[in-house]
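Participant: Listed below are the residues making up each chain.
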Amino acid sequence: MARLDRHDPIKVAVTLENYLGTMLPTPSTSHVNSDRIYEPAEDSFLLLDTISSPTESAFLARRFAHNLEVPLVLEVGTGSGVVLAFITAHALEILGRTDVLTVGVDINPFACTATEQTVMQACRETSHAMYLGCLNADLSSCLRHGVADIVVFNPPYVPTVELPRLLTAEDSNLCAEIDAFEQESRLLSLSYSGGKDGMEVVDRLLDELPLILNEERGVAYILLCQQNKPGSVAQRIEDWGRGWSVEAVGQSGKTGGWEKLQILRICRIGVDEALGRRPLLH
Amino acid sequence: MKILTTSFLTCAVKACKSSPLSFPLHYKDAELEQSDIAYNPRFLINILPRIDWDAVRVTATELGFTVPEEKPELPALDASSSTDTIEPADEKTLRELHTLLLETEVREGKLVCGNCGHEYKIKEGIANFLLPSHLGEFELFPFCFLH
Ligand SMILES: C[S@@+](CC[C@H](N)C(=O)[O-])C[C@H]1O[C@@H](n2cnc3c(N)ncnc32)[C@H](O)[C@@H]1O
Ligand SMILES: [Zn+2]
Ligand SMILES: [Zn+2]
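Top line first, the protein sequences correspond to chains A and B. Going by the UniProt record's numbering, the first sequence runs without a break in its numbering and finishes at 282. Going by the UniProt record's numbering, the second sequence runs without a break in its numbering and finishes at 147.
Take these hints with a grain of salt, some might be off.
Some but not every residue of chain A turned toward chain B, in silico, with C-beta under 7 Å [unchecked claim]:
#1 Glu69
#2 Asp99
#3 Phe110
#4 Leu132
#5 Gly133
#6 Leu135
#7 Asn136
#8 Ala137
#9 Arg144
#10 Val147
#11 Leu163
#12 Leu167
#13 Thr168
#14 Gly195
Read the hints as simulated data drawn from the structure, not as lab findings. By construction, the Cβ of each residue, glycine as well, lies at the ideal position given by its N, Cα and C atoms.
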């Protein structure tokens, strides 16, 4: 199936503000095999539009422009690599600088390979961030604590009766013995199945966030659907205490069979921020 | 995978994270590939604060590179500050780091945890940190009982 290089912003019911932010080209993913890798869809595009919206890029530039140390962006669950390639290629527009490191993780080894290619293709021009690679791992399990300045996650969020068994070291010798069709449907299922309330994988990532995020500057963007009960997720994060703030920063309406999606921005707030100008929550 | 990635990696086994032996992971049978990336001293200088120098030295030695004993002491640079004032000795180190950390890709090989001995395979440039099924469930590695 032919894919458009540039997604049609009208299909994604974004706010005017977000729409104005969608001037940056979407990376091509025409090489991605959609039988075993999640193809970019409304959720992926909402994430791109939100992160590059004038308000979010201004927020990120403010947060990261003044610290000279190179920030690191981690995308969990890269799939085709469309989001990571977008951030890597457009670091200047999004973060206000190109001296940025980007790294991806996916549990699906084919997604890792696809991500490498998508990022390479999107970064042919000279001014882009420094892409480190894509790791085949479960969430942030292989990363050192505190390394991520920005975490981005479009998770498997669809409520399902069961979670597919996670891939293990044995599985990744993905060999002929396993029925290719069975294997592919398991990989696809891992890309959307969220178990109870669609929250089982997100919950595990939320547990890891305080460990993996930089203690002062850390910010995470997590996409959720209505059935994930984003309001109660936000409440839970507020209960983490004063060092955290959470805000819904992007949403799409019900379109073309898609239910309402929302993006939560979860961030650490510094001591002075916490005491003084703590940002108001929704 | 670029070698710089090693600065951010550790063993995926939970019980290993608190052990200093789980960082850096150790390269074994590594097959490397050089790529060509424009040298950018400002970028390198601003990465320095994120780098554990002792760990980089371990990695460099394992891969047959050399870096000096001491981390160069260079203040972070903003976009307007000049890089002309970098001392020749520091310049040499920065170029070595550029080659090792950014231009060198690992294509094949293994990363080994110094604490539990687990070997993570790297194939076609992708490191695989998925744990064997018994490990995933119990978060313990049999070798861990040996030390
Ligand atoms: C909804 S897809 C999003 C893909 C891509 N980021 C996008 O926005 O188009 C979710 C991705 O997360 C990956 N994934 C699922 N569970 C994971 C886990 N435990 N650790 C790492 N990645 C995971 C899936 O393989 C899939 O690629
Ligand atoms: Zn270990
Ligand atoms: Zn051990």
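Participant: All the hints need checking, so say for each whether the structure fits it.
Facilitator: Hint check:
Below 7 Å, beta-carbon pairs count as interface contacts, and Glu69(A) has one with chain B at about 5 Å; its hint therefore holds. A least Cβ separation of about 5 Å between Asp99(A) and chain B falls short of the 7 Å threshold, and the interface hint therefore holds. Taking 7 Å as the C-beta cut-off, the interface hint given for Phe110(A) is violated, the closest approach to chain B being about 10 Å. Restraint check, Leu132(A) versus chain B: the minimum CB separation of about 4 Å is within 7 Å; hint holds.
Using the Cβ-Cβ criterion of 7 Å, the hint placing Gly133(A) at the interface with chain B is satisfied: the shortest such distance is roughly 4 Å. Given the 7 Å rule on beta carbons, the hint for Leu135(A) holds: about 5 Å separates it from the nearest Cβ of chain B. Given hint, Asn136(A) at the interface with chain B, holds; its Cβ is 4 Å from that chain's nearest Cβ, closer than 7 Å. Among the interface hints, the one on Ala137(A) holds; its C-beta lies about 4 Å from the nearest C-beta in chain B, closer than the 7 Å criterion.
Hint status for Arg144(A) relative to chain B: holds, with the closest Cβ pair at about 5 Å, below 7 Å. Here the hint on Val147(A) is kept, as its CB sits about 5 Å from the closest CB of chain B, short of 7 Å. Checking Leu163(A) against chain B: minimum C-beta separation of about 13 Å lies over 7 Å; hint violated. With a least beta-carbon distance of about 5 Å to chain B, the hint placing Leu167(A) at the interface is held under the 7 Å criterion.
Taking 7 Å as the C-beta contact cut-off toward chain B, the hint placing Thr168(A) at the interface holds, the least distance being around 4 Å. Against a cut-off of 7 Å between C-beta atoms, the interface hint on Gly195(A) is violated, since the closest Cβ of chain B lies about 16 Å away.
Taken one by one, the earlier hints fail for this structure at numbers 3, 11 and 14, listed in ascending order.
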